[in-house]
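Take the given structure of chain A and dock chain B to it, following the hints.
Here are the chains, one letter per residue:
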Amino acid sequence: MFIGPVVLGTLLFNVIPIIPTLVASFADWNGLTAPSFIGLDNYREMFSGADPLFSRSLVNTIIYTAGYVPIGIIVGIGLAVLVNNRLRGMAVFRALIFLPYVTSLVAVGIVGRWVFSDQYGVINGVLGQLGVTGPHWLGERSWAMAAVIITAIWANMGFNMIVILAGLQSVPESLVEAATLDGAGPLARFLHVTVPFLTPTIFLLTILQTIGSFQVFALILVMTSGGPGDGTYVYIYHLWYEAFTLRKMGYASAMAVVLLAMLVLITMIQNRLSKRWVFYQ
Amino acid sequence: MGVLPVTAQGTIARTEHDGSEAADPAGSQEDTLRRRPSKIAASTATYLGCVVMAAIAIGPFIWMVSSSFKLPEDVISLTPRLIPQPFTLENYAYLFNNGILPFVRFFGNSAYITILVIIGRLFVCALGAYGFARLEFRGRDFAFALLLGSLMIPDMLMVLPLYSAYVKLGLINTHFPLIIPPIVANTFGTFLLRQFFMSIPKEYDEAALVDGASHFRIFASIILPLSKPALATLGVLTFVNVWNDFFGPLIYLNDLDKFTVPVGLAFFQTSDSTQYGPLMAGATLAIIPTVVVFVFAQKYFTRGIAMTGIK
Numbered sequence: 001m002f003i004g005p006v007v008l009g010t011l012l013f014n015v016i017p018i019i020p021t022l023v024a025s026f027a028d029w030n031g032l033t034a035p036s037f038i039g040l041d042n043y044r045e046m047f048s049g050a051d052p053l054f055s056r057s058l059v060n061t062i063i064y065t066a067g068y069v070p071i072g073i074i075v076g077i078g079l080a081v082l083v084n085n086r087l088r089g090m091a092v093f094r095a096l097i098f099l100p101y102v103t104s105l106v107a108v109g110i111v112g113r114w115v116f117s118d119q120y121g122v123i124n125g126v127l128g129q130l131g132v133t134g135p136h137w138l139g140e141r142s143w144a145m146a147a148v149i150i151t152a153i154w155a156n157m158g159f160n161m162i163v164i165l166a167g168l169q170s171v172p173e174s175l176v177e178a179a180t181l182d183g184a185g186p187l188a189r190f191l192h193v194t195v196p197f198l199t200p201t202i203f204l205l206t207i208l209q210t211i212g213s214f215q216v217f218a219l220i221l222v223m224t225s226g227g228p229g230d231g232t233y234v235y236i237y238h239l240w241y242e243a244f245t246l247r248k249m250g251y252a253s254a255m256a257v258v259l260l261a262m263l264v265l266i267t268m269i270q271n272r273l274s275k276r277w278v279f280y281q
Numbered sequence: 282m283g284v285l286p287v288t289a290q291g292t293i294a295r296t297e298h299d300g301s302e303a304a305d306p307a308g309s310q311e312d313t314l315r316r317r318p319s320k321i322a323a324s325t326a327t328y329l330g331c332v333v334m335a336a337i338a339i340g341p342f343i344w345m346v347s348s349s350f351k352l353p354e355d356v357i358s359l360t361p362r363l364i365p366q367p368f369t370l371e372n373y374a375y376l377f378n379n380g381i382l383p384f385v386r387f388f389g390n391s392a393y394i395t396i397l398v399i400i401g402r403l404f405v406c407a408l409g410a411y412g413f414a415r416l417e418f419r420g421r422d423f424a425f426a427l428l429l430g431s432l433m434i435p436d437m438l439m440v441l442p443l444y445s446a447y448v449k450l451g452l453i454n455t456h457f458p459l460i461i462p463p464i465v466a467n468t469f470g471t472f473l474l475r476q477f478f479m480s481i482p483k484e485y486d487e488a489a490l491v492d493g494a495s496h497f498r499i500f501a502s503i504i505l506p507l508s509k510p511a512l513a514t515l516g517v518l519t520f521v522n523v524w525n526d527f528f529g530p531l532i533y534l535n536d537l538d539k540f541t542v543p544v545g546l547a548f549f550q551t552s553d554s555t556q557y558g559p560l561m562a563g564a565t566l567a568i569i570p571t572v573v574v575f576v577f578a579q580k581y582f583t584r585g586i587a588m589t590g591i592k
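Protein chains in written order, with our numbering: chain A, 1 to 281; chain B, 282 to 592.
Looking at chain A on its own, in the form it has when it is part of the complex (with noise of 0.2 Å):
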């Protein structure tokens, strides 16, 4: 009675479905007319290199995480430290530095676009007056990822900062104290007591961030649209691209299936991984 319309509802429309996107994985499919099955033929033009995008987009991704998460966490932690202590008017810091992540994504993208503009945008502008020639930002490749990624950073910085906080209030003060006594500087008692305490905080802030970085999809098609060339263009962009626009639902939904593959695998490592240095008490 209490659970039927929230058990009903994912069923319908989280659990359910996945069954078609499986089905659909092994046919040619518009999503209109009768899907014709073909076999493994999705899977292997993935994986033969007949779709050079495919292979282009999960490298791009694969970057993009290999930037964004740690030092999108890195970034939090130095936050979390700076913000955690009993000064008066901590808490408005908080909120300022928290206030990009409550924003539009699509805001913070025409924000970014604007920022790292090479003509009127405000980093080259600073850089200019520190005497540096800034790069074309959004035009060259390697450059436009960097801007997304930092981007991608700022706008997530106070998540990252507010799950670190709660880490950080878990760590017992007698401990530090101790440490204190032992006589332990700032930076020991940093890295040997209060970052075992983190080490949790911080595993699951990489798996949550590693499964958003392979979705990484506004942020790309406000600021670069994948650009320049295929220089930003992510796995998210393309599934999208071929599911609707070219309408290749097949060849998207298997795109799906190996995306929710490589999610648990990489779930799976990091947490084999996490046994050699995640501290639980």
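Please keep in mind that the hints were generated in silico from the structure rather than gathered at the bench.
For every residue, glycine included, the Cβ atom is placed at its ideal position computed from N, Cα and C.
Don't take every hint at face value.
[What the hints assert, rightly or not] Computed Cβ-Cβ distance ranges for the label pairs, DEER-style:
#1 LEU187(A) x ILE364(B): 34 to 44 Å
#2 ASN378(B) x TYR280(A): 54 to 64 Å
#3 PRO228(A) x ALA326(B): 34 to 44 Å
#4 LEU187(A) x SER502(B): 53 to 63 Å
#5 ALA326(B) x ALA50(A): 54 to 64 Å
#6 GLY229(A) x LEU537(B): 26 to 36 Å
#7 ALA392(B) x THR245(A): 22 to 32 Å
#8 ASP538(B) x THR245(A): 18 to 28 Å
#9 LYS320(B) x GLN129(A): 28 to 38 Å
#10 LEU87(A) x ASN535(B): 46 to 56 Å
#11 PRO172(A) x GLY493(B): 45 to 55 Å
Then chain B, alone, in the frame of chain A:
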């Protein structure tokens, strides 16, 4: 899946405590008493760092707002100034009277979709959460595991068949896919509320049951009133998510009249990309509702995040 319970409820309590700055007057007084030059230097450095980071966080937005009041030639000026000189409302006027994109409609659409989803989701998730937290029945744990499992599946796995189902049912280019599934299929909200409901003492319902109250009565007159903070948390998170949703409206809507603010804005950017002024005006208006909600309900927002680590 095993990652979710990492942040237990204890975390929320601590965050809450820390959120209120005045909560620890004794501690800060002590600080003042034995403050030494090095401490003053350290807090000065902290403040400096905070000011720099806060400026980085909101600077681009302040610039965006400022630019939205500038004349076109000043927006892209090489000698930037923060206070628009002259100050103009032209960009806002253009945004609402451009003859192509009906921004008033976009805001109306976003507003009504967001409000419906919030009301519906709070009700459905609270019902579900009550069932999972307070009732015992066969298959409960299995159903809950199923819900939690569905949290980890990328949306892309459901979107494609749902899209073609909506095509067949004639629901493309309607707001149905943006309202109904987000209400009835919200596992995250159910999980969040369940965690809170579990912390309410069971004695309350037992006493009410003895007095002959039905479960629905207990739900409506005991659990819901006690859960206002949790409901507010879910409401605020839902507001921000639904208002900002981009992918759903992008794929399900075709007619300009039906667009929401984010797709309208993205469409505007591609169709009119040289016009930075109106674009900044649109982006400013797009973020105002969430910024206002965040400023007033910040506590609930950060609590929800700290509680589960996910949005």
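Hint check results:
no. : hint                              : in the structure
1   : LEU187(A) x ILE364(B): 34 to 44 Å : holds (43 Å)
2   : ASN378(B) x TYR280(A): 54 to 64 Å : holds (60 Å)
3   : PRO228(A) x ALA326(B): 34 to 44 Å : holds (40 Å)
4   : LEU187(A) x SER502(B): 53 to 63 Å : holds (55 Å)
5   : ALA326(B) x ALA50(A): 54 to 64 Å  : holds (57 Å)
6   : GLY229(A) x LEU537(B): 26 to 36 Å : holds (30 Å)
7   : ALA392(B) x THR245(A): 22 to 32 Å : holds (30 Å)
8   : ASP538(B) x THR245(A): 18 to 28 Å : holds (22 Å)
9   : LYS320(B) x GLN129(A): 28 to 38 Å : holds (35 Å)
10  : LEU87(A) x ASN535(B): 46 to 56 Å  : holds (52 Å)
11  : PRO172(A) x GLY493(B): 45 to 55 Å : holds (48 Å)
Taken one by one, the earlier hints all hold for this structure without exception.
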